[in-house]
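> As a plain string of letters, each chain reads:
Number of protein chains: 2
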Amino acid sequence: MPFDAPTPRTRINRLPKRGDYSQETIYGILDAAFICHVGFVVEGQPYVIPTSYGRAGDTLYLHGSAASRMLRTLAGGVDLCVTVTLLDGIVLARSAFHHSMNYRSVVILGKAAPVEGDAAKTEAMRVIVEQIVPGRWEHVRKPSAQELKATAVLSLPIDEASAKLRTGPPLDEEEDYALALWAGVLPLATRAGELIPDPRLHANAAQIPEHIERIRKRFGSAA
Amino acid sequence: MPFDAPTPRTRINRLPKRGDYSQETIYGILDAAFICHVGFVVEGQPYVIPTSYGRAGDTLYLHGSAASRMLRTLAGGVDLCVTVTLLDGIVLARSAFHHSMNYRSVVILGKAAPVEGDAAKTEAMRVIVEQIVPGRWEHVRKPSAQELKATAVLSLPIDEASAKLRTGPPLDEEEDYALALWAGVLPLATRAGELIPDPRLHANAAQIPEHIERIRKRFGSAA
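The listed protein sequences derive, respectively, from chains A and B. Just add 164 to wherever you are in the first sequence, counting from 1, and you've got this note's numbering. Just add 164 to wherever you are in the second sequence, counting from 1, and you've got this note's numbering.
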């Protein structure tokens, strides 16, 4: 668990009690999400781009078009930052100042390396698809040689990382608890709506597969 | 509408049909969210940090502790990137390769400037609180002089920005439509759970105010 000890770059300086460097916490947050924001620098300008990812062991996989600027930039081994954020609620305090969010976030710093070879690229693509919808990979057509060529896959070691979390009720100034103002938390979560079958769904594919039922349940009823 | 014409830095090169530079689209996405990811560079290393924001006209406001590294760095007028992402669904194609997300995102590039003076800072904090929960500001205790001093507020002009969107069903290879595999979209959205009143709620504050009922409805039943 190399990130049990933060580096000077991943140490949580602001509100350090919200910081967590345990592998369990960091992997738990990474495994509960599938969208990250990737930060990289081109000619001094930072860019932040949302993209999907998958985790396998201590490796995070990213992918995209081999033609994309982001993938070409990252494949060059530049410094990058991957941030994963789960928003858990709005914290409604008695004072404007103490309004906050409940959240879980992970920041990973490092350099990515291209995943080379069709077998390794296919496996990384499997990890990403399975991160989003477990069970999906076995159900669908696997990447062709041409599709593998069109896809850039990157691996990022998860070895310089930190988590930051806030949970619980508002923390108001002691004298403000005497105010007759409503305070509390509005929990928020990502939830699924009704499945929208493809308009061109094959007549023999109308039955909703079990892995789709499972992902619906995962994003099921609100807390 | 200065960003109706993209700059070379905000032009969508990859899948340009997903790009949109209209003020209406960009403001619409910014107004539908309240969390952004801010990218900035310290000693060559990019960092991406989630934070809340508020929009007023062509200005985006950010705030945080005056002691935070991010706020101190950004106040120095460095190049930054603010990205707002709304995840709308998982696109389940017949091929692994064509899996995708439905989403709306905005990328803003620029430099932030500190908001100075108690009146201007208070107004920016009002914009941020109202972005998250409209009607909240009037309900709560306003910032004290001490709280204003502890808060750094930044303004970022929204003048170099782009939006990127994907909607609709999967787009599979023509021959794959003959496969009897389930395909479609699982819509996703941020939804509210049951309100959690503060354990120390004042006896005369049990009634849920109208602005809280409104925000519950905004994040109400799944699509």
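Fair warning: there could be bad hints in the mix.
Said to hold, decoys possible - Here are the simulated EDC-like pairs of lysine to aspartate or glutamate, each with C-alpha atoms no more than 16 Å apart in a straight line:
no., chain 1, residue 1, chain 2, residue 2
1, B, K306, A, E337
2, B, K275, B, E324
3, B, K306, A, E302
4, A, K306, B, E280
5, A, K275, A, E294
6, A, K306, A, D282
7, A, K306, B, E337
8, A, K313, A, D340
9, B, K306, B, D323
10, B, K275, B, E337
11, B, K313, B, E280
12, A, K313, A, E338
13, A, K306, B, D340
14, A, K275, A, D222
15, A, K306, A, E294
16, B, K306, A, D340
17, B, K313, B, D282
18, A, K306, A, E287
The hints are simulated quantities; they were obtained by calculation from the structure and are not laboratory data.
> Run every hint past the structure and note whether it holds.
Verification of the hints:
1. At roughly 13 Å between alpha-carbon atoms, B/K306 and A/E337 fall within 16 Å of each other, so this suggested pair holds.
2. Distance restraint check for B/K275 and B/E324: the Cα-Cα separation of roughly 10 Å lies within the 16 Å cut-off, and the hinted pair is therefore satisfied.
3. The hinted pair formed by B/K306 and A/E302 fails the criterion: a straight-line CA distance of about 56 Å is larger than 16 Å.
4. Our distance criterion of 16 Å between C-alpha atoms is broken by A/K306 and B/E280, whose separation comes to about 56 Å.
5. Only pairs whose Cα atoms come within 16 Å are accepted, and A/K275 paired with A/E294 is rejected, the gap being roughly 24 Å.
6. Under the criterion of a C-alpha separation no larger than 16 Å, the hint pairing A/K306 with A/D282 is consistent with the structure, at around 12 Å.
7. Using a Cα cut-off of 16 Å, the hinted pair A/K306 and B/E337 holds, with the two alpha carbons roughly 12 Å apart.
8. Between A/K313 and A/D340 the alpha-carbon distance is near 61 Å, which puts this suggested pair outside the 16 Å criterion.
9. Annotation: proposed proximity of B/K306 to B/D323 is violated, straight-line Cα distance about 31 Å (limit 16 Å).
10. Between B/K275 and B/E337 the CA atoms are separated by roughly 43 Å; this puts the pair beyond 16 Å, and the hint is violated.
11. Distance hint between B/K313 and B/E280 is fulfilled; the C-alpha atoms sit about 10 Å from each other, no more than 16 Å.
12. As the CA atoms of A/K313 and A/E338 are separated by approximately 61 Å, the hinted pair breaks the 16 Å bound.
13. Pair hint A/K306 plus B/D340 holds up; C-alpha atoms about 11 Å apart against a cutoff of 16 Å.
14. Among the hinted pairs, A/K275 with A/D222 is consistent with the structure: their alpha-carbon atoms are about 14 Å apart, no more than 16 Å.
15. Between A/K306 and A/E294 the alpha-carbon distance is near 13 Å, which keeps this suggested pair within the 16 Å criterion.
16. With a C-alpha separation of about 11 Å, the suggested pairing of B/K306 with A/D340 holds against the 16 Å cut-off.
17. A hinted pair counts as satisfied when its Cα atoms are at most 16 Å apart, and B/K313 with B/D282 qualifies at roughly 8 Å.
18. Proximity of A/K306 to A/E287 is assessed by CA-CA distance (about 10 Å); at most 16 Å being required, the pair is judged to hold.
Hint compliance for this structure: hints 3, 4, 5, 8, 9, 10, 12 are not met, and every other hint is.
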